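Student: Each residue of the sequence shown is one higher than the one before, counting from 47 in my numbering.
Calculated directly from the structure, the hints in this document are not laboratory data.
Among the hints, a few may not be true.
Think about it this way: if two alpha-carbon atoms lie no more than 16 Å apart in a straight line, the pair counts; the simulated EDC-like pairs of lysine to aspartate or glutamate are [as the list claims (entries may be wrong)]: (1) 168 - 141; (2) 66 - 379; (3) 155 - 141; (4) 115 - 134; (5) 345 - 330; (6) 79 - 59.
Okay, the calculated beta carbon distance ranges per label pair [claimed, not checked]: (7) 395 - 430: 17 to 23 Å; (8) 440 - 299: 49 to 55 Å; (9) 308 - 62: 35 to 41 Å; (10) 60 - 81: 33 to 39 Å; (11) 141 - 164: 17 to 23 Å; (12) 337 - 425: 51 to 57 Å; (13) 333 - 233: 30 to 36 Å.
Quantities reported herein were computed from a predicted structural model and do not represent experimental measurements.
Ideal placement from N, C-alpha and C gives every residue a C-beta, glycine not left out.
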Amino acid sequence: MDATKKPLLIPPEFSNYAEKHGIFQIYESLLTKLIIEQPADPLTYMIGLLEQESEVPQIIIHGPPAAGKRTMSVMAAKHFDCVHITLDNLLAESDSKSAKKAQEYISAKEMVPTHIWVSLIKERLQKEDCINVYHSTFDPPSDLAVVQRLVPDSKSSEKVMIQRLMEYHRHIDGILMCFEKIHKSINVDQPKADVFSQVVDVAEAEDLDYCVLSVLSYLKMNHRNNAPHTPRLILLGPTGCGKSVQAELLASKYGFVNVSCTELIKQSLVDDSKLGEAVRPYIDRHMLVPDDLVLQLLKSRLAQLDAVTKGWVIHGFPKTREQAESLARAGYEANRVIFMDVPTDTILERLTLRSVDPVTGERYHLIYNPPRTNEVKQRLHTSPKDVESAVNSRIAQYQAYIEEIAEYYEESAQHINADQDIHTVFECIESIIVNPIPTKNEV
47 MDATKKPLLI PPEFSNYAEK HGIFQIYESL LTKLIIEQPA DPLTYMIGLL EQESEVPQII
107 IHGPPAAGKR TMSVMAAKHF DCVHITLDNL LAESDSKSAK KAQEYISAKE MVPTHIWVSL
167 IKERLQKEDC INVYHSTFDP PSDLAVVQRL VPDSKSSEKV MIQRLMEYHR HIDGILMCFE
227 KIHKSINVDQ PKADVFSQVV DVAEAEDLDY CVLSVLSYLK MNHRNNAPHT PRLILLGPTG
287 CGKSVQAELL ASKYGFVNVS CTELIKQSLV DDSKLGEAVR PYIDRHMLVP DDLVLQLLKS
347 RLAQLDAVTK GWVIHGFPKT REQAESLARA GYEANRVIFM DVPTDTILER LTLRSVDPVT
407 GERYHLIYNP PRTNEVKQRL HTSPKDVESA VNSRIAQYQA YIEEIAEYYE ESAQHINADQ
467 DIHTVFECIE SIIVNPIPTK NEV
């Protein structure tokens, strides 16, 4: 692009609309199914696909005998309002030739061929069966009459269980390979508190079994797909939490546009632009630049082609809920908002103990990077910004507004512990970027 010309500015409404309505995901799904199915009439086929209900649950719960598959399946079917299919109810509720053939194999104590099971599943989805299964220790019936009529499960004798376990372990590796990218393993042989730690955003936690909740929390997640995704990040946190460092790392590794309001203001002054001229009086008088001018600088930068195509990461803005709302009204809504949480003591340690050598310009920290000689130590200079009173003032200003900002970004915000080394914090942020945002929909 000719540097003498004004940069191409792209309205944010385009990408916002595509992301809100899942346009890229629709294209990906249609193209994938077209290539696999290869229908004779592609247009009619695609129209039929679009008319179908989207996001229909298709779940397989697998595990060794006594792992709790039945319990988890029943609860998942109830929560997602989907049909619970088992081998037993497939046979019990079907009069087809395939079902009769399967019964013949079972009566002869032979393994039912795979193609028969596949035929039964394709033939018809059955409703969840009504047989109640109890455990004398973990799930005993509360009704005495039920206790008296209970009969042992023929499939749970020690001899049968050993055979079932052997069969499970013989095939499980191959099964996991088939579902390599979409399966999740959950350890259910642990205290309930540990299993509960895997649960995310399940409102019915008090009423459901924790193992089931772990499964439901995974099933409720948005899974990754190959549709284009442009990251739009906002890093929030108190002074000294490392926002600038993490933004630089993200820009270096992923090519995001690193957007710092402080740098935008400085650049506007250097460029002698109209916005720069409007900003200059406030800078000269050491006053805060008004929100509307900062927002104009942001809009001008975020609308440029590299920011639209590569994504962006903002730090240092917003500092109030009003600023957050103004940014959203301008069409620039972040799809990842990350709060970098750091204790006050750590912030004071990071900032008040750093200094600069006025001779060499080298930066030091009395704990993490102390000067090598006493001569250098004697001439070190501490910035007025880093004295304890100034740092405490900035922390107080952040804490005064952070609750209302967190409330505004409740749907897309995630918190990380930034009181760790730089690379560990970066890995936490990376995991948030590459993984889909958890759904907030109730089920």
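Student: Among all the numbered hints in the text so far, which are the ones the structure does not match?
Tutor: Hints 3, 5, 6, 8, 9, 10, 12, 13 not satisfied by this model.
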